[in-house]
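Using the sequences plus the hints, can you model the full thing?
Residue numbers (my numbering), protein chains in the order written: chain Y, 25 to 840; chain F, 15 to 257.
Incorrect hints may appear among the rest.
Said to hold, decoys possible - Below, a list of computed lysine-lysine pairs in the DSSO-like style, where the Cα atoms sit at most 30 angstroms apart:
| no. | chain 1 | residue 1 | chain 2 | residue 2 |
| --- | --- | --- | --- | --- |
| 1 | Y | K419 | F | K134 |
| 2 | Y | K419 | F | K103 |
| 3 | Y | K365 | Y | K383 |
| 4 | Y | K393 | F | K176 |
| 5 | F | K170 | Y | K446 |
Rather than coming from a laboratory, the hints here were simulated on the basis of the structure.
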Amino acid sequence: MRVRIPAFWQAVLVLVAAWLILSFAFPPFMPRSLMISYTIIVLAGLLLYFSSDEQRWREFKSPVIATLRDDNRTLLRWPLLVVVSLLPGYAVYDAVKPSLEKPLELRQVHPSPPASIKVYDKSFDLATLENPVRMRVLEQLEQDEEAAWESYREAVRKGSLVYYSNCFYCHGDQLDGKGHFASALDPLPTDFGDVGTIAQLQESFLFWRITTGGPGLPKGGMPWNSAMPVWHEMLNEEEVWNVITFLFDYVSQVPRMWDPGISKSVSRMKDSVVSARASMGGEEIYQLRCAVCHGESGAGDGPAAEFLYPRPRDFTLGLWKYKTSPGDLAPRDADLFDTIKLGLEGSSMPGWSKLFTDKQIDELVQVVKAFDTTAIWAPEDADDEAFDDEGHYLKDDALVINDEEPIEGQVPYSAESVALGKEIFEENCRKCHGERGRGDLTSGEFLEDDWGYRIWPRDLTQPWTWRATETSTRGGGNPRDDAEREATIRNIYRRVSIGIRGTPMPSHRATDEGEEDAIPLDGRWHVANYAYSLRENTTWPGERNVIQGVEWQGELPDGVDDAAWREVPQSTFRLFPNIIKQDRLFTPLNDAISVRTLYNEKEIAFLLEFNDRTESLPGGAVMSQLPDQDEQMFSDAVALQFPKESAYSTAPVEKPLFRHGDAKHHTTIWYWNAGSVEPAAESRAILFDATGPNSKLSPRASTGDLFTRGAWQEGRWRVLFKRPRGAAEGSDNAGDIVFRKGQFIPVSFANWDGNNGEVRSKHTQTPWFWLLLPHETDYNLVYGAPAATTLGFLLAGILLVWYLRRKRPAGDESGA
Amino acid sequence: MKTLRILIPVLGCLLAFAAAPASAAKYKVASVSDGGSISGRVTLNGAAPAPEILKVDEDVEACGGDRPSDELLVSANGGVQNVILRIEKIAAGKDWDMPAAEFTFDQKKCAFTPRIMVIKPKMAGVVLNSDSVGHNFHTISKGVFNINKKIQPGSKLAVSNKKIRKTGMVKAKCDIHSWMGGAWWVADNPYTVLSDKDGNFTLTNVPPGKYSIAIWHEKLGESKQQVEVGAGADTKMDVVLKL
Chain Y
25 MRVRIPAFWQ AVLVLVAAWL ILSFAFPPFM PRSLMISYTI IVLAGLLLYF
75 SSDEQRWREF KSPVIATLRD DNRTLLRWPL LVVVSLLPGY AVYDAVKPSL
125 EKPLELRQVH PSPPASIKVY DKSFDLATLE NPVRMRVLEQ LEQDEEAAWE
175 SYREAVRKGS LVYYSNCFYC HGDQLDGKGH FASALDPLPT DFGDVGTIAQ
225 LQESFLFWRI TTGGPGLPKG GMPWNSAMPV WHEMLNEEEV WNVITFLFDY
275 VSQVPRMWDP GISKSVSRMK DSVVSARASM GGEEIYQLRC AVCHGESGAG
325 DGPAAEFLYP RPRDFTLGLW KYKTSPGDLA PRDADLFDTI KLGLEGSSMP
375 GWSKLFTDKQ IDELVQVVKA FDTTAIWAPE DADDEAFDDE GHYLKDDALV
425 INDEEPIEGQ VPYSAESVAL GKEIFEENCR KCHGERGRGD LTSGEFLEDD
475 WGYRIWPRDL TQPWTWRATE TSTRGGGNPR DDAEREATIR NIYRRVSIGI
525 RGTPMPSHRA TDEGEEDAIP LDGRWHVANY AYSLRENTTW PGERNVIQGV
575 EWQGELPDGV DDAAWREVPQ STFRLFPNII KQDRLFTPLN DAISVRTLYN
625 EKEIAFLLEF NDRTESLPGG AVMSQLPDQD EQMFSDAVAL QFPKESAYST
675 APVEKPLFRH GDAKHHTTIW YWNAGSVEPA AESRAILFDA TGPNSKLSPR
725 ASTGDLFTRG AWQEGRWRVL FKRPRGAAEG SDNAGDIVFR KGQFIPVSFA
775 NWDGNNGEVR SKHTQTPWFW LLLPHETDYN LVYGAPAATT LGFLLAGILL
825 VWYLRRKRPA GDESGA
Chain F
15 MKTLRILIPV LGCLLAFAAA PASAAKYKVA SVSDGGSISG RVTLNGAAPA
65 PEILKVDEDV EACGGDRPSD ELLVSANGGV QNVILRIEKI AAGKDWDMPA
115 AEFTFDQKKC AFTPRIMVIK PKMAGVVLNS DSVGHNFHTI SKGVFNINKK
165 IQPGSKLAVS NKKIRKTGMV KAKCDIHSWM GGAWWVADNP YTVLSDKDGN
215 FTLTNVPPGK YSIAIWHEKL GESKQQVEVG AGADTKMDVV LKL
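This is how it looks when you write it as structure tokens:
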């Protein structure tokens with residue numbers, strides 16, 4: 025017998041099903057408000073459906089009315105009424121409670137392209153545009169297959185050079201959107217390996233996206249958040265098509281094409297490339313994937329090398345930074361394996377586990393070892409004939425080092441051990457790593473690596489920049505977990521004991537007879553514990569992405585040391601260099617900037633803090649040894665940027681382009697410069713108006729109501745900016761942002777490290793983040809409104825019950 | 015020194031002199047009959063420049079104050095000290111006649127002593143620290159001897175005879191006290207000498223023949239001179255280094 029579901033329950037089922045589908049069948053970005061309105065539409069449809077027929081309506085109503093009226097439902101009725109009344113109360117609470125959820129930004133990932141674009145003084149019809157490089161190859165394929173492949177390979181090779189000197193900082197070595205600057209960006213750079221990206225697109229779409237960059241996006245693509253440069257300003261047409269050809273080649277995908285014949289030929293070419301690559305040996309893999317940075321002969325001199333700091337490893341000199349073999353022994357094969365497989369965080373070396381099998385990595389380890397010219401893996405009794413003129417060992421019995429640095433006697437992490445470690449640190453490490461571990465070289469020495477390139481001591485307060493040492497950034501878990509901490513400390517211990525070869529970091533454990541440890545066993549563990557503890561006051565990037573101002577009673581501080589600042593939570597953001605617009609910067613040193621915000625009725629104050637190893641005041645005596653000889657020293661500087669009051673909105677979100685705004689959306693830049701000793705110049709503030717990526721910033725004649733103060737100490741700048749929350753009517757500053765409570769305000773940052781040659785367009789920056797001065801919690805509203813709503817609904821329910829029971833048809837006392 | 019800092023990679027410079035190709039046949043000891051000698055004096059092609067004053071701004075108490083650089087040492091009569099002269103590519107000849115004992119390389123008043131030394135291959139030795147402050151003893155070479163070790167006051171670094179693996183240049187520095195500089199030349203043949211404090215040198219018991227003499231000075235770089243040695247004769251070879 026068929027079970028018939030009563031009409032009311034049918035409606036409930038449909039509603040629940042609709043809610044579940046909306047929640048789970050769509051990408052997790054469906055906003056709550058949209059879900060609620062869709063559900064209401066479904067509900068309205070259901071009511072319409074059931075009320076359109078008298079019979080159905082009665083059936084639908086009957087269980088509801090019965091519950092409200094009948095005597096035998098009393099037990100169900102009253103709890104139900106309470107629950108039903110609580111629901112709208114909760115909805116009201118949800119709406120009025122203070123929210124820190126930032127405005128929703130729904131970005132179209134593949135916005136629709138325009139019909140045509142104008143670049144290179146030509147008009148390109150995007151509907152019909154095809155990649156001329158690929159078309160030429162396909163034409164050749166008909167006549168001369170060999171020549172066709174030759175020109176294809178040439179285009180890919182040229183495209184690869186374009187990619188590795190322009191794109192890979194963000195889109196990554198493996199085209200997965202994880203370049204070394206990517207973590208500073210939001211949205212993240214496109215992952216070309218994802219089959220949902222370029223494999224779905226025509227090459228003309230890529231041509232549009234590349235040549236016109238972020239500013240060429242329609243509003244739905246949120247151009248204001250994009251760091252994608254306008255490449256037609258920096259690359260010629262041929263280079264753009266070559267790099268497009270390279271992208272598809274690298275990820276083994278074919279573009280979407282209209283002509284089935286052409287599409288088939290392109291797929292065939294792709295298949296043959298894929299099958300050839302499947303059987304590559306270590307040497308071929310090296311030349312295809314590694315040589316672009318490490319060089320064809322392993323000397324760390326590939327075409328991408330000059331854009332990188334740290335530079336790619338030179339494999340020829342037997343100097344390996346991150347190894348676990350003791351002393352000056354060559355690294356273990358496992359060390360090289362781990363470096364290839366896991367990569368080196370804080371550098372441009374990615375982990376290759378997705379692209380290479382373990383067996384391929386094993387082969388690569390042998391390839392890398394064979395580049396050595398210092399005989400570190402040659403057997404001791406190897407004769408001269410076993411080496412070539414450059415010193416490469418030619419036989420296949422290269423040594424495998426098995427000795428491992430002993431990890432024994434770990435001293436548990438404790439305040440006591442940290443205090444002991446601090447003493448040892450001050451004696452042995454402070455001169456390079458600085459008083460507070462920020463790598464600020466209290467010795468004032470100019471450090472070089474063994475190749476003669478400048479090198480800086482690690483900032484021990486920023487673990488996310490550490491390589492092969494901080495486990496939480498190396499596939500580990502939460503850095504605050506005990507196990508993670510112990511593992512990280514063991515790695516610090518290894519660095520202390522073994523040293524970092526090829527750099528000024530020395531070893532501290534004796535490995536030879538007749539020597540004593542530079543720091544004894546316990547001391548090395550204490551100092552490792554201390555080095556770990558230096559992160560204690562660090563806010564990691566991403567921990568608090570909305571900057572929340574704190575309301576302050578009374579005057580806002582005038583100094584960077586004021587105790588008030590300690591009560592304000594800090595937000596930290598990653599900096600990335602200006603790679604967007606010429607002149608570009610590729611090798612920044614400062615990595616992150618932190619901000620705290622205080623405000624009162626009249627004013628708002630920002631404290632910017634950023635670690636900078638050098639106080640760059642041109643002509644200053646303190647750091648006279650530190651400047652690079654080939655780099656002019658400039659003044660350190662820092663800036664905040666806000667849209668003009670009328671140049672942004674939060675619903676829907678609209679902002680100026682994050683680099684200097686655009687023609688329709690202007691910004692104001694609050695700039696502070698540290699000044700110089702020679703020529704004598706005090707530190708100073710300037711207000712700039714920015715009106716777009718191609719127009720010069722214009723400084724205002726006066727800084728008016730902007731108060732600034734800066735101080736450098738122990739490897740850190742702290743710079744205070746203070747200004748009225750709104751400009752006076754009719755003043756020079758009219759039109760600048762007004763800092764209102766409850767309003768989400770876009771803000772971005774920039775920093776110039778003068779000692780690193782940073783000046784004008786050469787600087788680091790962040791994209792937009794949100795600043796919020798939270799509303800005070802109005803307890804009457806937050807709790808009163810929901811309570812009143814619930815009470816109202818309950819009252820209405822009671823009245824309804826009373827009314828229904830009174831109107832009950834005669835003879836229906838029992839309700840049976 | 016700091017103002018003259020050159021950013022060309024250090025290794026690039028030193029390798030020109032340092033790289034005795036690994037495949038070059040090893041020097042063989044053979045009896046030398048009718049051996050001649052090469053002797054002479056190293057001078058400058060001009061007046062000796064006043065030495066640069068090195069600024070000592072770290073551990074001043076232990077190191078002593080600012081000091082003139084000892085990189086270019088010129089005697090009152092114009093002789094240049096610490097110049098390495100050696101016969102290039104000589105396959106066989108006299109027995110090793112350098113001091114057989116261990117070498118000692120000290121760090122005193124934050125300076126390397128001796129500043130320049132010539133040692134035999136596979137020679138053992140010791141690096142001392144006679145100062146009251148620690149040094150980061152850091153060598154740079156092309157696989158000859160690479161180490162970077164903290165040496166505490168009064169402590170030492172033992173260099174066993176297995177550690178020095180090849181012949182060629184080893185530059186020494188301390189990353190805490192950047193004014194400290196020094197170098198070892200690990201000789202590939204016994205016809206390798208260091209000029210004395212008056213700039214004099216002698217290469218003895220040289221088989222008769224034509225030779226190329228490589229001349230190296232830490233600051234003035236490398237040059238070469240050709241010389242012909244007659245049987246049993248002393249050949250004069252004066253060297254004028256260009257400033």
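* Assess, step by step, whether the Cα of K393(Y) is no farther than 30 angstroms from the Cα of K176(F), and give holds or violated. => Holds, at about 21 angstroms.
* CA of K419(Y) to CA of K134(F), is that 30 angstroms or under? -> holds (28 angstroms)
* **30 angstroms Cα cutoff - pair K170(F), K446(Y)** => With Cα atoms ~25 angstroms apart, K170(F) and K446(Y) stay inside 30 angstroms; holds.
* Going straight from one Cα to the other, do K365(Y) and K383(Y) come out at no more than 30 angstroms? -> holds (11 angstroms)
* Asked: Is the Cα-Cα distance between K419(Y) and K103(F) 30 angstroms or less?
  -> Given pair K419(Y), K103(F) holds - Cα atoms ~26 angstroms apart, limit 30 angstroms.
Consistency with the previously given hints is maintained throughout, with no hint failing.
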